[in-house]
Amino acid sequence: MMQPSARKRARIDCIIHCSDSDALVSPQDLDSWNTLLRAAEIRQHDPVLEAAKGLEEGGIPHIHYHRKCRSLFTMKKSLDSILAKGVKIESASVDPRRRASRDAPSTSRVYAKVCLFCEKSSKYMKAAKTREPLIQCVELRADEKIRRAATRKLNQRILGLLSRDLVAAEGHYHKSCYKFFTKDDSPAAARSGAGENQEESEGARYEEAEIEALEELFLYIRTELFPNPEVLPMINLTSRLERSMMSRGIIQLKPATKKHVRRKIETEFGESLRFVPDEKESF
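If you count the sequence shown from 1, position 259 lands on 259 in UniProt numbering, and the numbers rise without skipping.
Errors might be hidden in some of the hints.
Said to hold, decoys possible - Pairs of lysine-lysine residues, derived as DSS-like cross-links and limited to a Cα-Cα distance of at most 25 Å, are as follows:
#1 Lys-77 <-> Lys-145
#2 Lys-123 <-> Lys-145
#3 Lys-183 <-> Lys-113
#4 Lys-179 <-> Lys-153
#5 Lys-183 <-> Lys-76
#6 Lys-120 <-> Lys-77
#7 Lys-259 <-> Lys-183
Hints were generated in silico from the structure; no laboratory data involved.
Please model the complete structure; the sequences and the hints are all you need to start from.
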């Protein structure tokens, strides 16, 4: 008489049991069960792995858990942290027939038409009421980019999918999921991006200093040379421009800046100035 009673108590216990905060529930569908089972494989949680034994294809075991327990147990951040430590998620406790049914996408001719990353067939676009369409992987470079990102992130699930050619297997993804997953947020990438931003900033600073120095040179010509005409070597005007730029923090002028000083003066003043070609290139 005690044995049936013990089995009954086992059925109503939380199979995860890390909180008593709410009522017990059961897996609502196959996706819910597969999510729980995958978390159990990563965590090597024997009670759930044992419940998976002997299940028919598409079957769901008669188990119970608290909603909060399941939420904590399947939390993606925690699972990714475990995977990052190199935990092997294969488990001998799971019936091979059951594993074959879960891994059907990797053995069938093509993958199911769901996003490789969020595992959903549809999702709403951010800040919009329309659904984001699935994109089929048709370029090898997309396959390679996903592979590099999965290797960098140590994402075992995606690496498993990549055991096959995503183009041949007709893999699908949402554009937003793809961009988020393949974004390189490593320290090296951050340093590279910072270097590019610094180069852009220095280029803009040089351009601004050159424009201001040219304006200063043009002002000198208008206020000093026009009222008191004289012949000057071009080197004098170039040196004046160089000093002006150095006063704005530019250490060295680019060769192109020196080369095009005369052309910019001619563009500014036209026929108001006359250049005398001689061995000293006088102005």
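- Query: What are the numbers of the hints the structure violates, in ascending order?
  - Reply: Violated hint: only 7; rest satisfied.
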